[in-house]
Amino acid sequence: MAKVVLKLGDDISTDIIYPGRFMATVLPSETPQYAFADFPEFNARLKRGEIPPGSVVVAGKNFGCGSSREQAASTLKGHELVVVAKNFARIFLQNAINLGLRLVVCPTIEAEEGDELEILSDRIIDQTSGREFKIEPLPKARQAIIEAGGLIPYTRQRLLEKKSSRPKI
Amino acid sequence: MAMTMVEKILARASGLKKVTAGEVIEPKVSLAMSHENAALVINQFLEIYKDTGLKPKVWDPNKIAIIFDHRVPAESSKTATNQKKIREFVAAQKIKKFHDIRGDEGGICHQILPENGYVLPGTVVVGTDSHTTSHGALGAFSFGIGATEMASVWALGRVLNVEVPRTIKVVARGKFGRYVLPKDFILYLIGKITAEGANFKVLEYHGPAIEKMPTSGRLTICNMSVEAGATSGIVPPDKETLRYLKEEAGVKGKIEIFGPDPEAEYDQVIEIDVSELEPMVACPHTVDNVRPVGQVGQVKVDQIVIGSCTNGRLDDLAVAAKILKGKKIVRGVRMLIFPASFRIYQQALKLGYIADLTKAGAVIMNPGCGCCLGVHEGALGDGEVALSTTNRNFKGRMGNPKSDVYLCSPAVAAASALTGYITDPRKGGK
Ligand code: SF4
Numbered sequence: 007m008a009k010v011v012l013k014l015g016d017d018i019s020t021d022i023i024y025p026g027r028f029m030a031t032v033l034p035s036e037t038p039q040y041a042f043a044d045f046p047e048f049n050a051r052l053k054r055g056e057i058p059p060g061s062v063v064v065a066g067k068n069f070g071c072g073s074s075r076e077q078a079a080s081t082l083k084g085h086e087l088v089v090v091a092k093n094f095a096r097i098f099l100q101n102a103i104n105l106g107l108r109l110v111v112c113p114t115i116e117a118e119e120g121d122e123l124e125i126l127s128d129r130i131i132d133q134t135s136g137r138e139f140k141i142e143p144l145p146k147a148r149q150a151i152i153e154a155g156g157l158i159p160y161t162r163q164r165l166l167e168k169k170s171s172r173p174k175i
Numbered sequence: 007m008a009m010t011m012v013e014k015i016l017a018r019a020s021g022l023k024k025v026t027a028g029e030v031i032e033p034k035v036s037l038a039m040s041h042e043n044a045a046l047v048i049n050q051f052l053e054i055y056k057d058t059g060l061k062p063k064v065w066d067p068n069k070i071a072i073i074f075d076h077r078v079p080a081e082s083s084k085t086a087t088n089q090k091k092i093r094e095f096v097a098a099q100k101i102k103k104f105h106d107i108r109g110d111e112g113g114i115c116h117q118i119l120p121e122n123g124y125v126l127p128g129t130v131v132v133g134t135d136s137h138t139t140s141h142g143a144l145g146a147f148s149f150g151i152g153a154t155e156m157a158s159v160w161a162l163g164r165v166l167n168v169e170v171p172r173t174i175k176v177v178a179r180g181k182f183g184r185y186v187l188p189k190d191f192i193l194y195l196i197g198k199i200t201a202e203g204a205n206f207k208v209l210e211y212h213g214p215a216i217e218k219m220p221t222s223g224r225l226t227i228c229n230m231s232v233e234a235g236a237t238s239g240i241v242p243p244d245k246e247t248l249r250y251l252k253e254e255a256g257v258k259g260k261i262e263i264f265g266p267d268p269e270a271e272y273d274q275v276i277e278i279d280v281s282e283l284e285p286m287v288a289c290p291h292t293v294d295n296v297r298p299v300g301q302v303g304q305v306k307v308d309q310i311v312i313g314s315c316t317n318g319r320l321d322d323l324a325v326a327a328k329i330l331k332g333k334k335i336v337r338g339v340r341m342l343i344f345p346a347s348f349r350i351y352q353q354a355l356k357l358g359y360i361a362d363l364t365k366a367g368a369v370i371m372n373p374g375c376g377c378c379l380g381v382h383e384g385a386l387g388d389g390e391v392a393l394s395t396t397n398r399n400f401k402g403r404m405g406n407p408k409s410d411v412y413l414c415s416p417a418v419a420a421a422s423a424l425t426g427y428i429t430d431p432r433k434g435g436k
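The listed protein sequences correspond, in order, to chains A and G. Residue 7 is where the first sequence starts when you use the working numbering, and the numbers rise one by one after that. Residue 7 is where the second sequence starts when you use the working numbering, and the numbers rise one by one after that.
Simulated from the structure, these hints should not be mistaken for laboratory data. Keep in mind that a hint or two might mislead.
[What the hints assert, rightly or not] Cut-off 30 Å, straight-line C-alpha distance, at most; resulting in silico cross-link-like pairs (DSSO-like, lysine-lysine):
1. A:K67 x G:K408
2. A:K9 x G:K401
3. A:K168 x G:K102
4. A:K169 x G:K24
5. G:K252 x G:K356
6. G:K306 x G:K260
7. A:K169 x G:K103
[Said to hold, decoys possible] Stretch by stretch, here's where chain A covers chain G in the computed footprint (C-beta under 8 Å, at least three residues):
8. 7 to 20
9. 146 to 154
We put the beta carbon where it would ideally sit given N, CA and C, even for glycine.
This is chain G alone, in the form it adopts within the complex (with noise of 0.2 Å):
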């Protein structure tokens, strides 16, 4: 029977010849991720020891990642001990894959994994985050779980009881317009289907404006894919996906891709044509509440936000500096921009970037999540709005419930900068 691409790849990891949506199955993990949230992981994977007589001891050391990324440097002393502990326990079990706060390896986990080759095509990967979908741009069938789910993992190197998921097809054909990017693109999506309309299923990715696109818009579609409630978005791996995945992510050897079935039985197909899409804005408080920006009326925003794991990558930056680069952002906005890792700063330094955007007037901060969660490096005052390239407007996402998040491109972001309102990029000049 003809499978999708998410059915072929859990039918792999669970043994079996094929699948179906529905069915309870459970699949071998390939990797699985954590962040600092693994204090809790660590502490209920020692819970499920308890009593049992067994040393506790994780399935596969090299198949556990752990990367520090939402609270660096930590803003806390709770942080800093939660953090000491996981580094306690990494060196006790002998994780390979750990990223410290480090200016040469450190990063965002959904930028680490990939850049780093730990993502491979037709996986299950799994992550004690809601952005694990992003690694779906990479054809691994990636997703989110919880802390107990996770240390269940660690025990057992499976995830138990998963029901397959149903998938909808979505096609974008056509041509991407000056100044439209991937974010315009899956913020439209959501727009179109709404934040619940992909729940408990998966969004695969197909079609010209797809395979034209680079593994960093891929990671863009996938990482917001969440975002419309999907269990994960996937792309199905192609030319472009080895093209990464040897040069940029340095992996040797054979990697073998797949495609789903042609006949494989959708959930529902959806078509978009990318030559008529604007740059989008998600307004208040819900990221499918998505009008072109020409619709969004004259909001003037204090704080402009570049980074995190949908949009602080090189061409994130490059389109940024395009922008800015020799003018000066307007007095009254403050400006912040957060590499997705340290690898990108320093490819941005190498190529210029950032000087453009420093001298423009903007503050670079550290790789990391910076303020995307709200828990430091750039609060919100009472009543002050936020122009931000991250993924969530919830209220008090980052930090203030009296202020208010609106979602857009880098090009957006950085075309809003020089007037301080929220702003058409294709309007200026050049």
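Just chain A, same shape as in the assembly (with noise of 0.2 Å):
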């Protein structure tokens, strides 16, 4: 089960999500300080570790639109959110997939802060009120990507594969 521990609304920017006045720190193991910083009991919550993984963001259509600053999904993974979204913009999506981080693609989800969802493979269950939405699949140009573990360790493979059928001088 999963807690609902913030509800947005559509076109949530990444402004929004890793404020660009943060943006000369680019280390992962050093965003997380600064997720949803312009929401400030929200991110004091994050940082006294009051969200336990698995929590949910859910947001309607488009989240993570704007720029490609990819702090604004290290961020959100830094504390092993989970994102429920009507949809994404096509380079958060990205970023999120390349580094790990969870996310549902989910066009008729409605729920509210304090609700415990089921997310199943095919669709989540609000337990609080009821309701069953349905989960679009991931675009399966990413799947081997998941399925490797992020683009790093997916890199890695091709690499090690390139370098192996080359010819020895």
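Join the two chains into one complex using the hints; note that each chain is given alone, in its own frame.
Shown next, in the form of structure tokens:
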């Protein structure tokens, strides 16, 4: 079971997830402190460790629009949040998959803060409201990356394959 | 089978006869661009090589471009240290297309790439910046990726697992009216199809109004195509593309150009008559909240910004200088101008635009991203309003979530500097 800890609307930009003024901080080990920095209360709860891993952020359409900053994905990954949205902006979706942040595309999702969600492979059951919502699979192009555990291990694998297939000089 | 512009480019880059929308491919990259976020790319790149026994080496140092623009000169010791690390990496890996903080060759990445002839039609360009869509203006398939994805490109020279996008055809007819600019066209389009209207798709621009548009205007519309969610914007290369590359970007030798097949299949076709457009304004806090300038009401502005990768080019400075020449910016309004590159700065100096603008009261800042991303050089106070020719007005974009940002063309920006309110440039004198 996963609790909804934050409910957001449509078009949540990467400026909201990870404000530009913190962009000099780049390392995935350091970005989590600035997650939703302009929502000081939520940010403080994250920093105090009050939000357990696997908690859910629910959003509307076009989550992660705007800048390509990867900090927006690594800052949420750092807290092991799960994002359930009606749909995602392309670059954010790719960054999240590349870093292993869990995203769920759920075009009809309606849930409130405090709701307990059961996220299955094809649907979400909101145990609080009793409603069910269908999940859309992630783009098939990304499946191999998800299976490899992210783009870094996937690229490493490909690099080693390339190396071993090259004739020795 | 007939292919769109981007399908044709992707087929070539993948060594295939044809590709169709939805297919998964791994195209070769002709140019891979980063800016200060190369610091993160380097970190992820080294991570890929960890425990492999291989020496970290980029696939092709001639095809990587790194431009310092987001925080120049460094606004903090943290940024300065990141920039230092990048310089060391550039030297160690022998990366050629590196533009440091310099008054002769520096500027914003999306101006540096075109003006140096780094982008050629028909190629695949990627950048760790969402506005990498800009370079579609030269007929390339150019799109933004994240830092980890770029690290993968640096290692392999390909983008892994790209899904061939569908394309929306936009046909622009008619003639732009006085003080109606390419920026107004793209704001209108974003307002019409919304901020997610082209998500995962490409916007391919056609029609007489695009054919007559100089490359600077095409860069503006491709730049902001991402604000409709598009993976890329693209203008099929033509005579103007060749003129720009040869005369302005100094490209030598033969440039091969091709367009989409006439029977290519499009997701949808959008027709726009530009003669009917008015100057447009995007109101807070989303780029698709667009209205004609006459319908925004009485909005008092505190800071006006002309610049960025969207509207910091010579044509943009020219229109602002024309409106402000011999006049004074009203007291209580501050105007900041960021030329998109030092080359543009020098041209504007020569043509007298810089003198016209400063005499009117504008402050000329150093070329770079400046306050566009809210880090330095022009913060807003609580409750203040900015009117800007940049491309995003999200809450907090200019650094203060308690401020409002309106987006417009350089003509609207300059006309408003004379009144202190968002103003229709067609209302003023000649
Ligand atoms: S000028 Fe603004 S939008 Fe353009 S690259 Fe710089 S920060 Fe990004």
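For this structure, which hints from the list above don't hold up? 6, 8
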